[in-house]
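Visitor: What follows is each chain in one-letter form.
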Amino acid sequence: MNPLNPTLTPARHWKDIPQQVSHRAMSSEGRRRVVFGGLKTAVIIGALALLAWGGVELASVFQDDPKKMPEVVKATQMKDLVLVTDGVLDQAWLAHTLALPKGTSLMELDLFQLRTRLLASGQVRAATLTRNFPATLAVTLAERTPMARLQVEDKAGAPQTLFVARDGVVFEGAGFDPKMTETLPWLAGVKLARQGGAFLPITGMEPVAELLAKAKLEAEHLYVNWRVVSLARLESDGEIEIGTKEGTKITFGATEDFFRQLANLDAILDAARAQPDKALREINLAVGGQVPVAFDGLSAQTPPAAGAVKPASSVTKPLLFTGLSNH
Amino acid sequence: MSSRTTFIGAVEIGTSKITALVGEYNGRELAIIGHGECSSRGMIKGAVVDYKAASECTHSALEQAERDAGERIELVFLAQTGGHLEGFYNEASLNVKAADNMIDADDIRTVSDLAKSKELPAGRMVVHNIRRPFRVDGRLIPGTPENLVGQRLEVGYWTVHGQEPRLADNIHVIRGFNLEVRELVLASLASGHMVTTAEERQHGVLAIDLGAGTTDYVLYRDGSPHTTGVVPVGGSHLTNDLSIGLRLTEGQAEKLKLRFGRAAVQARDKADKVWLDGNFSIGDRQFPRLAIEQITAARTWELLEVVKKKLGSAFSPETCAAGVVLTGGTAKLAGIAETAAKVFGVPAHLGETPSWVAENLRDPANNTALGLLYYGVSSQNERALSARRRGGFLSNVKRLFASS
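From first to last, the protein sequence lines are chains A and B.
For reference, each letter of the first sequence is one residue, going 2 to 328 in the numbering used here.
For reference, each letter of the second sequence is one residue, going 4 to 407 in the numbering used here.
Each hint should be verified, as a subset may be incorrect.
[Stated by the list, open to error] Okay, derived cross-link-like pairs now, DSS-like style, lysine-lysine, Cα gap no bigger than 25 Å in a straight line: (1) A:Lys16 / B:Lys273; (2) B:Lys258 / B:Lys312; (3) B:Lys258 / A:Lys16; (4) B:Lys258 / B:Lys273; (5) A:Lys16 / B:Lys335; (6) B:Lys100 / B:Lys119; (7) A:Lys279 / A:Lys250; (8) A:Lys215 / A:Lys180; (9) A:Lys246 / A:Lys192.
[Claimed, not checked] Residues of chain A clear of chain B, computed beta-carbon distances all greater than 12 Å: (10) Trp15; (11) Asp17; (12) His24; (13) Ser29; (14) Arg32; (15) Arg34; (16) Val36; (17) Gln78; (18) Leu151; (19) Glu154; (20) Glu257.
[As the list claims (entries may be wrong)] Derived DEER-like restraints, expressed as beta-carbon distance ranges: (21) A:Thr42 / B:Lys312: 52 to 60 Å; (22) A:His14 / B:Ala317: 31 to 39 Å; (23) A:His14 / B:Ala301: 36 to 44 Å; (24) A:Gly39 / B:Ala34: 47 to 55 Å.
For the record, the hints were derived by calculation from the structure and aren't laboratory data.
Every residue, glycine too, gets a C-beta built ideally from N, C-alpha and C.
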């Protein structure tokens with residue numbers, strides 16, 4: 002239609018005649034051509050699909066098996082090493098740990114072996130290595146957080162400090178801030194066993210880690226005084242023993258609510274501060290509502306000053322003392 | 004058309020025979036690489052009357068042509084003839100809209116659309132819109148008038164139209180072979196394009212294609228087709244007249260026509276007789292040569308007179324300086340050029356197939372199929388060229404503003 006003369010309607014043209022004909026109006030040769038045309042289309046579609054499938058297969062083969070890669074791909078050198086981590090490990094540690102030879106190509110890297118090398122450090126909980134073509138190796142790490150420290154002797158007999166994670170894994174630790182590590186309590190009462198040059202994970206570390214984490218989060222003023230955490234009676238009595246800087250031994254029940262025990266402890270320490278002449282020797286929070294507290298220089302029979310030390314949960318109950326004096 | 008190689012089929016479904024050619028077109032050159040032929044069945048006066056029979060013959064010719072070419076045809080240019088085809092002339096004019104009177108593409112398109120916009124009777128469809136030269140202020144413009152300066156732009160179209168069912172029948176015969184009909188070309192335009200030169204067309208020439216069932220003609224003036232027409236009478240009517248006049252079967256009459264028929268009476272001796280078969284077989288008999296010539300000549304004269312009458316005022320010896328060119332199977336009738344010259348009052352000659360056409364195809368009966376290929380390809384190229392011209396970025400933007 003002419004835009005300047007929209008009323009003009011051209012007469013019907015022979016091209017308006019539909020060119021479709023019914024199957025029965027076709028000759029045998031015409032029908033044969035239709036079938037042949039259909040087959041041709043199907044073959045072309047099939048060939049394209051086959052080609053696409055082949056491409057996908059080839060790509061997966063190349064991705065999975067570096068040996069099948071063509072030389073051109075192999076010849077492309079790896080240029081970048083990218084680290085993504087949720088912890089403190091850095092690029093230098095990664096490069097040192099992976100120890101990749103210079104001039105290596107991306108496809109020549111054995112990612113499985115490299116991953117094993119990373120996981121050999123107990124600090125790495127999980128590692129993912131990805132080839133980003135053309136020349137980048139991306140490493141994503143998930144790290145363990147230290148909950149306590151351990152002092153061991155290395156093969157030469159020199160003291161060595163190790164760290165223990167929530168899951169009991171013992172690792173050397175790298176990249177941690179010394180100010181942070183100095184606040185970690187020492188772990189005692191554990192038997193370390195070696196396997197293949199590394200220590201086996203410490204069993205039963207989970208409740209200890211939970212206690213330490215809760216103390217650090219909810220009562221940091223208490224936590225900073227904790228020097229030693231002993232697991233000696235954990236397995237037998239279900240008790241976690243804490244040694245403070247002042248020499249007080251605090252016993253926590255591993256199956257009791259840590260928050261309540263910490264609250265009791267805080268209340269007891271507050272009450273004890275009212276008697277500066279008496280030094281606390283032992284507090285046992287593992288026995289339930291009644292908390293036995295022992296002071297230095299007092300016999301077991303000596304009653305405390307009226308209402309001096311009383312846990313918040315047992316205000317109406319008499320305070321119990323252990324019958325042991327400090328020998 | 005794209006520059007990739009295309010295998011084009013040219014099909015003429017005639018009353019006596021069906022011709023199929025295969026052309027290899029690479030965007031620049033056209034080479035004829037296959038030829039197929041089949042005696043026609045199911046056709047009367049250029050129209051399909053028995054679909055199955057016509058399909059079988061046409062498909063047989065197409066198969067033969069494909070075998071000969073060794074390639075599969077991709078699309079078809081189909082010749083169209085028949086008594087149902089008619090034509091009329093319609094013209095339009097407009098005042099050039101630009102202030103500086105410079106004619107632009109919009110003016111040309113508008114006047115062309117106006118000239119083509121005549122409504123047709125129900126059931127009829129346009130086969131061709133043949134443009135005659137533009138006129139600017141009465142001045143004849145052989146090419147495009149774009150960018151010329153003038154106040155009034157005129158153009159006329161010779162529109163050829165036909166009955167929809169007749170056109171559809173022919174198309175469906177080809178579709179039955181699972182081929183697309185890309186172009187429907189008037190048989191007279193195809194053969195006329197083949198047997199006339201550009202110079203003849205410029206001076207004015209009448210091309211007459213004498214087929215078996217129909218006689219197609221095209222009158223060229225000023226280098227382009229001026230008038231076309233179809234007379235539903237052809238060589239088969241000569242055969243029919245001989246058959247009735249001499250009491251013969253159609254086959255015998257055809258044989259006599261081919262051997263002794265003439266478009267102008269030459270025999271003087273009434274006693275001069277010719278044998279039907281001439282091989283001394285039983286039943287062979289003699290016929291007066293004069294009678295044969297008189298019958299064929301009278302019918303031929305009459306046929307050409309009908310053509311002249313249908314042309315009417317469009318034809319005059321002054322506007323047809325290049326004379327009459329005759330082609331088609333019936334044009335092989337002896338003396339037909341002399342008869343045509345007498346009827347039209349201008350020189351007449353038999354159309355010659357161009358020398359570059361292979362020897363086996365150099366027959367007047369093949370000129371329509373040959374012309375189909377060349378006319379079809381050149382018209383498609385022209386269409387593609389004008390579409391490219393119209394599709395320019397600036398002209399599109401201009402149209403956008405013009406329509407807003």
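Visitor: Decide, hint by hint, whether the structure agrees.
Guide: Here's how the hints hold up against the structure:
1. A:Lys16 / B:Lys273: At roughly 56 Å apart (the allowed maximum being 25 Å), B:Lys273 and A:Lys16 break the hint.
2. B:Lys258 / B:Lys312: violated (30 Å)
3. B:Lys258 / A:Lys16: violated (41 Å)
4. B:Lys258 / B:Lys273: holds (21 Å)
5. A:Lys16 / B:Lys335: At roughly 35 Å apart (the allowed maximum being 25 Å), B:Lys335 and A:Lys16 break the hint.
6. B:Lys100 / B:Lys119: Satisfied, since the Cα-Cα distance of roughly 20 Å is no more than 25 Å.
7. A:Lys279 / A:Lys250: holds (15 Å)
8. A:Lys215 / A:Lys180: holds (20 Å)
9. A:Lys246 / A:Lys192: Distance ~24 Å between A:Lys246 and A:Lys192 Cα, so the pair holds.
10. Trp15: violated (5 Å)
11. Asp17: violated (7 Å)
12. His24: It is violated; A:His24 is separated from chain B by about 10 Å at its closest Cβ, not greater than 12 Å.
13. Ser29: Non-interface label fails for A:Ser29: nearest chain B Cβ at 9 Å, not farther than 12 Å.
14. Arg32: Its Cβ does come within 12 Å of chain B, the nearest being 8 Å, so this is violated.
15. Arg34: It is violated; A:Arg34 is separated from chain B by about 4 Å at its closest Cβ, not greater than 12 Å.
16. Val36: Non-interface label fails for A:Val36: nearest chain B Cβ at 9 Å, not farther than 12 Å.
17. Gln78: It holds; A:Gln78 is separated from chain B by about 44 Å at its closest Cβ, greater than 12 Å.
18. Leu151: At about 79 Å from chain B, A:Leu151 clears the 12 Å cut-off, so the statement holds.
19. Glu154: holds (84 Å)
20. Glu257: holds (83 Å)
21. A:Thr42 / B:Lys312: 52 to 60 Å: Because 54 Å falls inside the window, the suggested range holds.
22. A:His14 / B:Ala317: 31 to 39 Å: At roughly 24 Å between Cβ atoms, B:Ala317 and A:His14 fall outside 31 to 39 Å, so the hint is violated.
23. A:His14 / B:Ala301: 36 to 44 Å: holds (40 Å)
24. A:Gly39 / B:Ala34: 47 to 55 Å: At roughly 30 Å between Cβ atoms, B:Ala34 and A:Gly39 fall outside 47 to 55 Å, so the hint is violated.
Hint compliance for this structure: hints 1, 2, 3, 5, 10, 11, 12, 13, 14, 15, 16, 22, 24 are not met, and every other hint is.
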